[in-house]
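So the sequence lines, in the order shown, correspond to chains A and B. For the first sequence, numbering that gives the first Met the number 0 gives the first residue as 0, with consecutive numbering after it. For the second sequence, numbering that gives the first Met the number 0 gives the first residue as 0, with consecutive numbering after it.
I should point out that these hints are in silico values taken from the structure, not numbers from a laboratory. Just so it is clear, CB atoms sit at the ideal spot from N, CA and C, and this is done for glycine as well. Possibly wrong hints are sitting among the right ones.
One-sided excerpt, in silico: chain B residues whose CB lies under 7 angstroms from chain A [stated by the list, open to error]:
#1 Asn-25
#2 Gly-29
#3 Asn-44
#4 Ala-47
#5 Leu-62
#6 Lys-64
#7 Leu-72
For reference, the chains in residue letters:
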Amino acid sequence: MKTYVKIALFFVSFIALSGILAALYMYNLKHTDMAKAEPDFVISALVLQKAFEDDETAASTRYINKILEVTGTIASVKPAENNILSISLVTGSDLSSVICTFPAIADPSKFMNGDQITLRGECSGFLLDVLLNNCAVIEDKK
Amino acid sequence: MKRLTILFFLLSIVFAVNAQKYMTKNGYIGFYSHTPMEDIKGDNNQVAGVLDISTGEMVFQALIKSFRFDRALMEEHFNENYMESDKFPKSGFKGKITNLSSVNFSKNGIYDVTVEGDLTIRDATNKISTKGTIEVVTGGLNANSKFNISPEDYKINIPGVVREKIAKNLEVTVTMKYTPLENK
Chain A
0 MKTYVKIALF
10 FVSFIALSGI
20 LAALYMYNLK
30 HTDMAKAEPD
40 FVISALVLQK
50 AFEDDETAAS
60 TRYINKILEV
70 TGTIASVKPA
80 ENNILSISLV
90 TGSDLSSVIC
100 TFPAIADPSK
110 FMNGDQITLR
120 GECSGFLLDV
130 LLNNCAVIED
140 KK
Chain B
0 MKRLTILFFL
10 LSIVFAVNAQ
20 KYMTKNGYIG
30 FYSHTPMEDI
40 KGDNNQVAGV
50 LDISTGEMVF
60 QALIKSFRFD
70 RALMEEHFNE
80 NYMESDKFPK
90 SGFKGKITNL
100 SSVNFSKNGI
110 YDVTVEGDLT
120 IRDATNKIST
130 KGTIEVVTGG
140 LNANSKFNIS
150 PEDYKINIPG
160 VVREKIAKNL
170 EVTVTMKYTP
180 LENK
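So that you can see chain A by itself, here it is in the shape it has in the complex (with noise of 0.2 angstroms):
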């Protein structure tokens, strides 16, 4: 084989390789490592809760799909199927909330009713209570 067709063939083999790799990657990517990313909002549970509830429309676009660590006094803690860890956190309403839910958790006992927490995790919106999702206690803060 002629040097430069071997040359062009690297050359191709490697782009499809590299190509191929890339959408292997894409494909199989897992979530945010929240306890590693940075955050787009640091805030507290309070203001959170009210810019949703003095309006909605604002507080949607300033913060759905932005990485927020939100600081606050834990309300309650719901375990749910599957390893599933739901923390809300004390605001201004009786009614409304932060909510942040996790993935599997090791060990939900260790959160009571009352400590400050510092969570950080994506908004996914407001339904009755400002929703986060793909949650991540951020330890050093605590």
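Position chain B against the provided structure of chain A, taking the given hints into account.
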């Protein structure tokens, strides 16, 4: 959808007699699509629901962005391509238990029920009727149901290229653990 939100909020506002209303904010809705090409599973653990045991009325709302998938890319496609969740952020159900009298809410046990109502996904609403169970337990009620929906019924447009990867019928599982709505 706005009417549903208002109705939902009204149902959950504290009134004089609340012993009849039950609520959850971490209800579960999951859907499952099985094809030889691929299995797709989405789980939502942030469903808000209210059940009024005096009338059998059942209302729930789910954020589309609260559906979680194993793979980030699948979740992105679900939100951006199929559900357009920026345009249609919520999905909801408004209906009632049609055989309410066959449930004894004062006696612990599992009761078979039929629930009928309107299911809204994106901007499409369809009447559905499904069988399920209500389990009366100490301090609450657990509602369970499984039913199938077809994406086309809700104007979910699946491009021909990937049509074989998504089942013609999606299996939807609903699990709500309600607790009484208390006077505050």
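Evaluation of the provided hints:
1. Using the Cβ-Cβ criterion of 7 angstroms, the hint placing Asn-25 (chain B) at the interface with chain A is satisfied: the shortest such distance is roughly 5 angstroms.
2. For Gly-29 (chain B), the interface hint is violated, since its Cβ never comes within 7 angstroms of a Cβ in chain A; the closest pair sits about 9 angstroms apart.
3. Because the smallest distance between the Cβ of Asn-44 (chain B) and any Cβ of chain A comes to about 5 angstroms, under 7 angstroms, the interface hint for this residue holds.
4. At its closest, the beta carbon of Ala-47 (chain B) sits 5 angstroms from a beta carbon of chain A; the interface hint therefore holds under the 7 angstroms criterion.
5. Because the closest C-beta pair between Leu-62 (chain B) and chain A is about 5 angstroms apart, less than 7 angstroms, the hint holds.
6. With 7 angstroms as the threshold, the beta carbon of Lys-64 (chain B) comes within range of chain A, its nearest partner Cβ sitting at about 4 angstroms, so the hint holds.
7. The beta carbon of Leu-72 (chain B) comes within 6 angstroms of a beta carbon in chain A, closer than 7 angstroms, and the hint placing it at the interface holds.
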